[in-house]
Amino acid sequence: MSVAKVAVAGVGMHPWGKWGENFVTYGVAAARAALADAGVDWSDVGFVAGADTMRNGYPGYVAGATFAQALGWTGIPVTSAYGACASGAMALEAARQRILAGLCDVALVVGADTTPKGFLKPNAGERTDDPDWLRFNLLGATNPTYFALYARRRMELFGATQDDFTAVKVKNAAHGLSNPFARYRKEVSAADVDASPLVASPLRLLDICATSDGGAAVVLTSQDYAEAHLADRPRVDVAAISTVTPTFPNTVIEMPEFATDSAAGIPAPQRTFKQAIGHAAYEQAGVSPGDVEVAEVYDLSTALELDWYEDLQFCAPGEAEQLLRDGVTTLGGRLPVNPSGGLACFGEAVPAQALAQVCEITWQLRGQAGDRQAISPDSGEAPKVGITANQGLFGHGSSVILTR
Amino acid sequence: MSTATTHRRAAIEGWFTMPEPGSGEAPHLIGTRCVDSGTYFFPPERVMSRAPGFAESELEEVQLSNRGRLWSWTDAQYQPPPPYVPVTDPHEPFCIAAVELEAEQMVVLGQVPAGVTVDDLELGMEMELVLDRLRTETDEDTGESVDVMVWKWAPVPGKAGRS
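Note that the protein sequences, when read in sequence, are chains A and B. For the first sequence, the residue numbers in numbering that gives the first Met the number 0 are 0 to 403. For the second sequence, the residue numbers in numbering that gives the first Met the number 0 are 0 to 162.
None of these hints come from the bench; they were simulated from the model. Check the hints yourself; a few may be wrong.
As the list claims (entries may be wrong) - Pulled a few chain B residues facing chain A out of the computed Cβ check, cut under 7 Å:
no., residue
1, 39
2, 82
3, 106
4, 122
What the hints assert, rightly or not - Label pairs and their computed distance ranges (CB to CB):
no., chain 1, residue 1, chain 2, residue 2, range
5, A, 19, B, 87, 27 to 35 Å
6, B, 90, A, 160, 26 to 34 Å
7, B, 84, A, 266, 35 to 43 Å
Built from N, CA and C at the ideal position, the CB exists for glycine as well.
Could you put the whole structure together from the sequences, leaning on the hints where they help?
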């Protein structure tokens, strides 16, 4: 099975950092960059989709309209999507559907955030029926708590070591050195990671991604529009957008839950949630994991990047450390992972992050990634197939496959 | 001065039993069981079964197993942000355990009582549900001190892991 494709006509970002501006500033900058990259005027856009931010009041909950107003109302339809870390992909999916339904030819997707320092935490107020509020109140369980439970599990089941986690950080820091959109562009040594304070054993401060300000935008068009107007530009297509939910019983403990589902009455599904996210994308695109030549995966923690190697079927369970140690996932290897530098270099700007992944894979497939360009060992050229993956709380996750 | 009565309250209603101290009764988490599918829910589902295809099933309240095996664990080296309520100043790291219940085939999180470090824990070791003070608060009406109680997972002495 493969579904009809839409074209990625343009991508753009505002650099990640702690800039202290309103999130709209970053979103508008990214949107204008993406429109310029596509050579499309805002007045030609037929649909706008925004990925919401939960930390910036009402304008953040209606991000699509907020960006549309800032760019200048043109009367086009709008949607705003929230799906935790998958928000950007959900907005992208709304735009793709709009185009595939024949309702518009050009759609703009924007996500941006201004994020406070420190642990991500629930909004203020006492909400004793909100599991996200309760996990902090009753357990003191932060996001790194959950990342650390997975990391410890890798160590116990697969013999991963803190040195392996360190190597992920060192790799991603090296990847992001020359990325003008990355917040951290600094070489990180193994000694730096080892010396950073423990946050949630076995994870140290440099194993866990920061929270950042940033913005990213993507312009999608129909195939017909791309052929008529963008024929002289490097062509990248969206081959799949997976935004699947877990299947009951979800037997992996996930944010913000207190417990997994029970497998006592109904057997666990064939695939875990994270495996299902990637699987659905491969099915939709009609490509196999062996076709992937570059990937952007959610390294909320260093150890989680290793989990993704397996969940996206780059290797069998328990083999991720070997893939890393063999240099396969380092630039210059067969399948570079997080050539952008990943969350290790960006820090998380929740509604922008899934779109930032799409921006990076687009630049990689176009051969426009400069010093961090992945090269296919088979063709000696830029990769032809790239994948993104992320997962957030409350049963959200996404994977996008781009092809050229 | 007479001995003050110990005032206790559950940090959340309906999630665990709170036997009187000295009663000899062990505390349990309260779950519900989907009668038709046999699946369990914690926190207890009260409205309908979340097992697809079993929406019409009755939900019966059950006490979950109060022992299980350690699935994974970590600690909180930094003080979590609100609505976590600090219990010491400065913050003392505490452990958090994920414990697998055999009969229910589910993993349940809980803090580990103070004094246990990550080095004391081992994959697969037997863990037991205990009641412990989450924090202390002052009753607004009486001005008396109230212990706010929560479930925690404590290692069972002499029950090593990896068996």
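message: Which constraints among the numbered hints does this structure fail? Numbers only, ascending.
response: Of the numbered hints given earlier, the structure breaks none, since each of them holds.
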